[in-house]
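Chains as they are written, first to last, in the working numbering: chain A, 395 to 649; chain B, 395 to 649; chain C, 395 to 649; chain D, 395 to 649; chain E, 395 to 649; chain F, 395 to 649.
No wet-lab data here; the hints were simulated from the structure. Computed from a predicted structure; not experimentally measured. You may find that some hints are simply not true.
[Unchecked claim] To give an idea of the chain B side of the interface with chain C (calculated C-beta under 7 Å), a few residues:
{"#": "1", "residue": "Leu466"}
{"#": "2", "residue": "Arg468"}
{"#": "3", "residue": "Ser469"}
{"#": "4", "residue": "Pro470"}
{"#": "5", "residue": "Arg471"}
{"#": "6", "residue": "Glu472"}
{"#": "7", "residue": "Thr506"}
[Said to hold, decoys possible] No more than 25 Å apart at the CA atoms, straight line, and that leaves these computed lysine to aspartate or glutamate pairs for DMTMM-like:
{"#": "8", "chain 1": "C", "residue 1": "Lys623", "chain 2": "C", "residue 2": "Glu412"}
{"#": "9", "chain 1": "F", "residue 1": "Lys441", "chain 2": "B", "residue 2": "Glu439"}
{"#": "10", "chain 1": "A", "residue 1": "Lys547", "chain 2": "A", "residue 2": "Glu537"}
{"#": "11", "chain 1": "F", "residue 1": "Lys623", "chain 2": "F", "residue 2": "Glu552"}
{"#": "12", "chain 1": "C", "residue 1": "Lys635", "chain 2": "C", "residue 2": "Asp448"}
{"#": "13", "chain 1": "D", "residue 1": "Lys623", "chain 2": "D", "residue 2": "Asp611"}
{"#": "14", "chain 1": "D", "residue 1": "Lys623", "chain 2": "C", "residue 2": "Asp587"}
{"#": "15", "chain 1": "F", "residue 1": "Lys477", "chain 2": "A", "residue 2": "Glu484"}
{"#": "16", "chain 1": "B", "residue 1": "Lys623", "chain 2": "B", "residue 2": "Glu638"}
{"#": "17", "chain 1": "B", "residue 1": "Lys475", "chain 2": "C", "residue 2": "Asp498"}
{"#": "18", "chain 1": "B", "residue 1": "Lys547", "chain 2": "B", "residue 2": "Glu439"}
{"#": "19", "chain 1": "A", "residue 1": "Lys541", "chain 2": "A", "residue 2": "Asp644"}
{"#": "20", "chain 1": "E", "residue 1": "Lys623", "chain 2": "F", "residue 2": "Glu552"}
{"#": "21", "chain 1": "C", "residue 1": "Lys613", "chain 2": "D", "residue 2": "Glu439"}
{"#": "22", "chain 1": "C", "residue 1": "Lys477", "chain 2": "B", "residue 2": "Asp448"}
{"#": "23", "chain 1": "F", "residue 1": "Lys623", "chain 2": "E", "residue 2": "Asp399"}
{"#": "24", "chain 1": "E", "residue 1": "Lys635", "chain 2": "E", "residue 2": "Glu617"}
{"#": "25", "chain 1": "A", "residue 1": "Lys623", "chain 2": "A", "residue 2": "Asp498"}
{"#": "26", "chain 1": "D", "residue 1": "Lys613", "chain 2": "C", "residue 2": "Asp612"}
{"#": "27", "chain 1": "F", "residue 1": "Lys623", "chain 2": "F", "residue 2": "Asp448"}
{"#": "28", "chain 1": "C", "residue 1": "Lys541", "chain 2": "B", "residue 2": "Glu467"}
{"#": "29", "chain 1": "E", "residue 1": "Lys635", "chain 2": "E", "residue 2": "Glu412"}
{"#": "30", "chain 1": "E", "residue 1": "Lys477", "chain 2": "D", "residue 2": "Asp611"}
{"#": "31", "chain 1": "B", "residue 1": "Lys613", "chain 2": "A", "residue 2": "Glu537"}
{"#": "32", "chain 1": "F", "residue 1": "Lys547", "chain 2": "E", "residue 2": "Glu608"}
Positions of the beta carbon are idealized from the N, C-alpha and C atoms, including for glycine.
Protein chains: 6
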Amino acid sequence: MARPDGRSPLQLRPVSLECDVVSHAEGSCLIVQGRTKVLIVATLEQKTPPFLRDTGEGWITAEYGMLPRATLERSPREAAKGKQTGRSLEIQRLIGRALRGVADRRTFPEWTVTLDCDVLVADAGTRCASVTGAWVALALALETLRKRGGLKKPPFREAVAAISVGVLPDRERPEGMVALDLDYIEDSTAHVDLNVVGTSTGRYVEVQGTAEREPFDDKRLREMLTVAKRGCRRLFRAQRKALEGRIPEDWLPPA
Amino acid sequence: MARPDGRSPLQLRPVSLECDVVSHAEGSCLIVQGRTKVLIVATLEQKTPPFLRDTGEGWITAEYGMLPRATLERSPREAAKGKQTGRSLEIQRLIGRALRGVADRRTFPEWTVTLDCDVLVADAGTRCASVTGAWVALALALETLRKRGGLKKPPFREAVAAISVGVLPDRERPEGMVALDLDYIEDSTAHVDLNVVGTSTGRYVEVQGTAEREPFDDKRLREMLTVAKRGCRRLFRAQRKALEGRIPEDWLPPA
Amino acid sequence: MARPDGRSPLQLRPVSLECDVVSHAEGSCLIVQGRTKVLIVATLEQKTPPFLRDTGEGWITAEYGMLPRATLERSPREAAKGKQTGRSLEIQRLIGRALRGVADRRTFPEWTVTLDCDVLVADAGTRCASVTGAWVALALALETLRKRGGLKKPPFREAVAAISVGVLPDRERPEGMVALDLDYIEDSTAHVDLNVVGTSTGRYVEVQGTAEREPFDDKRLREMLTVAKRGCRRLFRAQRKALEGRIPEDWLPPA
Amino acid sequence: MARPDGRSPLQLRPVSLECDVVSHAEGSCLIVQGRTKVLIVATLEQKTPPFLRDTGEGWITAEYGMLPRATLERSPREAAKGKQTGRSLEIQRLIGRALRGVADRRTFPEWTVTLDCDVLVADAGTRCASVTGAWVALALALETLRKRGGLKKPPFREAVAAISVGVLPDRERPEGMVALDLDYIEDSTAHVDLNVVGTSTGRYVEVQGTAEREPFDDKRLREMLTVAKRGCRRLFRAQRKALEGRIPEDWLPPA
Amino acid sequence: MARPDGRSPLQLRPVSLECDVVSHAEGSCLIVQGRTKVLIVATLEQKTPPFLRDTGEGWITAEYGMLPRATLERSPREAAKGKQTGRSLEIQRLIGRALRGVADRRTFPEWTVTLDCDVLVADAGTRCASVTGAWVALALALETLRKRGGLKKPPFREAVAAISVGVLPDRERPEGMVALDLDYIEDSTAHVDLNVVGTSTGRYVEVQGTAEREPFDDKRLREMLTVAKRGCRRLFRAQRKALEGRIPEDWLPPA
Amino acid sequence: MARPDGRSPLQLRPVSLECDVVSHAEGSCLIVQGRTKVLIVATLEQKTPPFLRDTGEGWITAEYGMLPRATLERSPREAAKGKQTGRSLEIQRLIGRALRGVADRRTFPEWTVTLDCDVLVADAGTRCASVTGAWVALALALETLRKRGGLKKPPFREAVAAISVGVLPDRERPEGMVALDLDYIEDSTAHVDLNVVGTSTGRYVEVQGTAEREPFDDKRLREMLTVAKRGCRRLFRAQRKALEGRIPEDWLPPA
């Protein structure tokens, strides 16, 4: 069964990662994945949160927001409502964990990198696109630090990227169809939704699977994980392409 | 290698589920799991959120909070700070999804059940204990509705419970030891933390795995899922025992 | 005229005070008075507010909250609404004043004890029960401090407890009937409501009388105060019983 | 022993009540008591809170605030901090109860009177001055309603006013000196602080006594109540003088 | 065409400036302009915001608020709503800029003057009246500082005052009538609204013109500015009269 | 004297207006002016605020925000701080007034257009760029409405755009140099800052001039206004070019 936009089940949406779109920032990246667009800007500051005092470790944190009309229907502006939604808070915690999962923070003690991920257009997959793009912006910011002499060793153990996989209803198969990188229409009908934060050595930093309608079993989970890894490999190639020549060769994800 | 409290790696902490601890509420349950204690109270109200108008479906939602001194160190009171933490919001969204994942909400159109999960003592595993106990409180509330004539068919497709699994550092095994139902001391040193919301037919409503230190691979994930299911089976027996004689036999999890 | 639950006018509801229900806290107490249940947890911290700098005095403060479904109808969660109600703020200020009224804070300079009073079930009288129980939790926390060598002298001048008295409508007496320790049904029909914070030498730290319907005169006020003192004496015995063997003999209220 | 401003122990500060200071409002009053100044403005609106639907009763409510530099030291503006202090909330609840305690709200069904009490200068006694002045502003607003034909019967059972009494340290008497109507300097050294909301028939709507240092006994309480009543009588005369000719003769407090 | 209150087009409302109405404050002023009344209180504190550290400059800032029933219809209390309105924030920023525009802040390094402008009655023109009165309160506060020896040179380059000018609909002239110092009725029908913050040498610190209905052209703007300056001259005379004898002669606006 | 980026005093920065950058929205526009970038998205909703009920008029409103790292130094996220800054509120009020100043809202009764103006990069002039771009996005949204049959007549009386003018310090001229369209470096040293919202017939909707250091006189104001109009004419040409072929010819600003 065909997908609404004609993609095959395991096909990613077109992905582009544009570097340094905010020239005054230490690192920045615009990720466009299908119609979804997220602007990620990295800020480097010489400070760390209190719990890291005297640990010799730096810090990486993220904030996430969505412009009011990023979605089909306009949502109230979070700043006007006076608080971030639970969804925003949950996503920004995820992005921070994903990046910290592959970075060696002892290489930049006393520094904090803040990744602001702001969704300009949301056609599903914004948390995953934020992770994928945030790693690029983080790499650019740490390269800025390296050039200033503040980084002695490679700051990453490997690269990180994220992708969604879902189980879509399928007239021909009652158990549904596993599909990679859902867009909004697909996402709103999916039976199961899995977000995978994968690393360039094929491991996981985060696996979040949710049954939206029907619980899922081990077999289904394995299938989805396999598909997700395939998607991550594509994303690592896109990250590599975007960053080649901009950061040291040995920080890049494998070709 | 032994665990701090002497348990074997795959051993659950002692679990008790006390029903109807708040007699004026439609359903309530105190779950004690090791030192962790969560009070869950269900409220039944004849209303549904706007997006369910005319859908013939009822609603299930949850709120989560922690008393200020539930933890070893006192945390500021959320009401005094003026907002729920991101963590609280994330957890209450998870609890709601878990319960909705096994309920047939068409059996109680126009009704909302709100599950208030308040942690009296936190020794890790509070989100999982909340899910396990909330299913019990929800069943009791729906039984109240049934007795009042407002429920025509069994409201559950199956039961739901949740448990954590982690990978603990182990002097004898560099890859660490998989352990069930972490307490606070274990949780703060775990390499990987997996929360599994499982159903009584052995499926998943939610799988949330996070690498706290080192990314994990497929093999490790499979191991942890196997252990988690074993824990869930124990929890379903505890739920069954607590609810026997209080709700219809065919709503109970299997013996 | 009989009271709804069959008590005589001057009869207290059954009271129990269970100590150390939160084992990791410096002091804690669950007070059950009729159906009302309040969990009080004391936290001991080596700090004082700025206005006590260099005064040689410690500090005692309280926070009060109610679980959303402590009441017959569920109330919105204070943390979700983004602020404590005026009622909560008023009550926690009262609890703090009550405790400070009998403590000699020069005996624990540089220390703050915070009493978290959280109402699990509310059947009226929660502020009074909080005061009565908070004194117990405070005594336990100061005993913890004493054992650690941080307290050189007895920290209390006397004990403190609180009780409500009301004037209930009475078919046989137009001026109504004075009754001790109102429950929710009584409280919502009372003409006058008096909360008395009394000390074990028969004095007052706080007297708060409010005419809910008809103003009251001096004679009525005297009657109510007499009844309240009788109630307080019962509460001091309950406190003594709960604390005997747990704190030094000379801190206990008289038998 | 003399008081700082030369008053005798039972002497009130000079009190003036100026009516209709805000000409566009339905009722208003500026009360000046010593250096304390409170502006009270009554607003009449044809609406009632939901819980009064179909009860045939109107509503009276109050809000209280203090200008940032009403006090000796400037306090942060409540609106800028984003919330009213617990103290403000407690006081505005008291003012509302005081007025409702003497009004027959069945005489103005479907109407709400809101009393805004804003402290321009605070030299202690602001809550009491607010009550005394708010009764005047309320009477003026209800007279406006009467003139518009919206009030058929006298709306008050009697008048209400409030005054503070304290026990001041006194070199000659260890038990201290009972003094009426404390100013700021006295208030900050008082052993006991009693606020009495009295009615023109010599009864009480509210009695709030607090031991700031040493608990007080029945004898002391009786003494203070006697003094407070004497103060209230003076205030009723001031209210009468301010309102004579402005409201119907039979609403006035006795001469 | 006549104005509602009989004034000629270029006539100011009666203005009075009463000094030192809050005796404990370093400076204060009640400005009454027609029915509009604003109380301005200056607070002098030995501190400056971080961005002025080591600059040798003091700071001047303002806060603005309106009592709930300052207006014809009661508005919700800002403190109860939990935030200042955008209008309040905008106005208080304007007042601060106006005062800083004529002060030489190097004459009082390390000091901050805060001007609290609270509107007791609002009949339009409250922001302008706040500026005019705030300069008076500021001068009084700086005179307090001078007397304490903390000010070596005159702190002002000149005086500042503000006035509104509008274009009112006029049956006889389609282009409308330019009128000085609008009251509320005029303000709500004006085509154009211009607020001018002028100095005593005839210059501007701030010019804010807004077309409420029809855009305006250069000729109209010039006309309005000429009228505004005329109004400012009247206000400088009022300031001079209010301050004569209270501050050094050379700080006063010219006669 | 040359400007930091080599422009002549009356030269605008390069301006581009890209239409329909958010394809699912009713209208959108990315305005780039020098390094400043603002994304404006228009939302069309069939509703109006209460005060417009039964007036036959539609509504236009704007919201303004800045991404945290739009500026050289990162600012805290407004949504995380829990409120919009006073500056944001002031600017969004200005944008709304500017657009309403040239629209005939009777042509789209019952409809509201919301303009979300989000600053991606801020190099000064963001409020002016927001106005200029918002008119474009508004025109596109109203064209969407026209195509759906909801607009019978041209909705604009003329076009609107905004530009800043400042007086920069100039070594050769003590009175400084008037310069058009300041960037951040210029803005932070300017003596006077004037924002002009001009219309395509050469009139003003809003004129906001502020002396940042030294008050300014009439001559200087006239000079600045002349320069601002010149800038506006350039902006109308840019708007025309961006919208040609996208909206009806008779809505366009003149060539």
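Broken hints, numbered, in rising order? Violated hints (numbers, rising): 3, 4, 7, 9, 12, 17, 20, 21, 22, 23, 24, 27, 30 and 31; every other hint is consistent with the structure.
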